[in-house]
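Asks: Numbering (UniProt numbering), first residue to last: 1 to 364.
Don't take every hint at face value.
[What the hints assert, rightly or not] Taking CB as the label site, the calculated pair distances span:
(1) P156 / G217: 19 to 25 Å
(2) N243 / M166: 35 to 41 Å
(3) A247 / P216: 17 to 23 Å
(4) E81 / G224: 52 to 58 Å
(5) M310 / V286: 24 to 30 Å
(6) P216 / Q294: 54 to 60 Å
(7) G217 / V293: 53 to 59 Å
(8) G174 / A229: 30 to 36 Å
(9) E302 / P156: 20 to 26 Å
(10) T328 / Q47: 25 to 31 Å
(11) P90 / D253: 55 to 61 Å
(12) G89 / T298: 39 to 45 Å
Since the hints were derived computationally from the structure, they do not count as laboratory data.
Idealized CB from N, CA, C, for every residue including glycine.
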Amino acid sequence: MAFAQGVPTFDAGMFLQRERVLQQAEQDLALQRDRITKEEELEELEQEQLQALEDILDASTLASGNSGALVASLEAGSSPESAAETLYGPVDPNPGAAQMFGDASGSIEQLIIRAAQETHHMSGVRAAGLSPKQWRCLLQALIWQESRFTIGARSPVGAFGLTQIMPGTAQDLGIYPAYYENPYIQVNGGARYLAQMLAMFDGNIIHGLAAYNAGPGNVQRYGGVPPFAETQHYVQVIPERYNLYLARVGGVDALGTIDPVLLANSTMSLTSFGAGVYGDYSLLSVQAAALRVQDIITRIGETDDIHAAMSLNTYARAELARLFAIRTRLKAAHTRPLSAAELAMAAAQAREQDFMQFDLEVLR
């Protein structure tokens, strides 16, 4: 078929080729738009990150007074009991700490030695003419009779502790109610009261002992030892035990003069009693510490200030370290009575073995 010159013709192949080129161009354009969108999103994200970093840097360069005020507020706590100085001071604030870990944590002999040294100057002791060694032995003999060196001993009439002091007498001595929780105060209070009785009866040791047991009024009423079976026995066995200790004690500071079983049981009672006191007060400390942590967490949730939030989180980590210190102290207080109990058991077993080792000579 012939086509007239100048009449336009339709080239289908060329049309399809151009269509493909246009489609590819549209795809490339869409891809570029997608890339641009992603780049814009990344740029926006980077800007947000940069802004956050700038905010953190700005917060970290705030005046130190803001952070100092926050820390001071946290250290003060919501009450005196929850103040950091109260709970986490360099010296354990627990009233039972001295007995468990401090100066009052010695054996019963060490407590007696200390109390004897601190009261030997009293006029009643001088009136009786007792040397430091003799005074120590008399005090030790009295405690042997009163409590067998057992902490927390309580009589039916209310006398309490190593030296069995009545509450009224404890008030007169200025040790009530502290003597319920401190063995050394019991020993020192008993030493002072015995010295007072010796002074009242011109240094007469028998009358002083009788007054300690039955009351000075009864000694005055009867002009000497009252005719009470308990008091009559009291003024007999204590001098006997005094002479026994006097023979054993080489010097005023001598240790190992108390029967091993009694000493072991005394040590167990000392540590168990101390752990009980420590545990009672530790419960209050744990409650106060929990209030501090609660306060920190509440503040973190309420603050919108980045610097404050960072400071609070740092402070919270430090608070956890402090709580670990309380836990360590509690574990130490828990293990001491266990060791003392093992010691008491070993001493009792040794005594039993000694008893079983006899021969015909012993039986004769």
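Asks: For every hint, state whether the structure bears it out.
Replies: Hint-by-hint comparison with the structure:
no. : hint                    : in the structure
1   : P156 / G217: 19 to 25 Å : holds (21 Å)
2   : N243 / M166: 35 to 41 Å : violated (28 Å)
3   : A247 / P216: 17 to 23 Å : violated (30 Å)
4   : E81 / G224: 52 to 58 Å  : holds (53 Å)
5   : M310 / V286: 24 to 30 Å : holds (27 Å)
6   : P216 / Q294: 54 to 60 Å : holds (55 Å)
7   : G217 / V293: 53 to 59 Å : holds (57 Å)
8   : G174 / A229: 30 to 36 Å : holds (32 Å)
9   : E302 / P156: 20 to 26 Å : violated (58 Å)
10  : T328 / Q47: 25 to 31 Å  : violated (49 Å)
11  : P90 / D253: 55 to 61 Å  : violated (30 Å)
12  : G89 / T298: 39 to 45 Å  : violated (25 Å)
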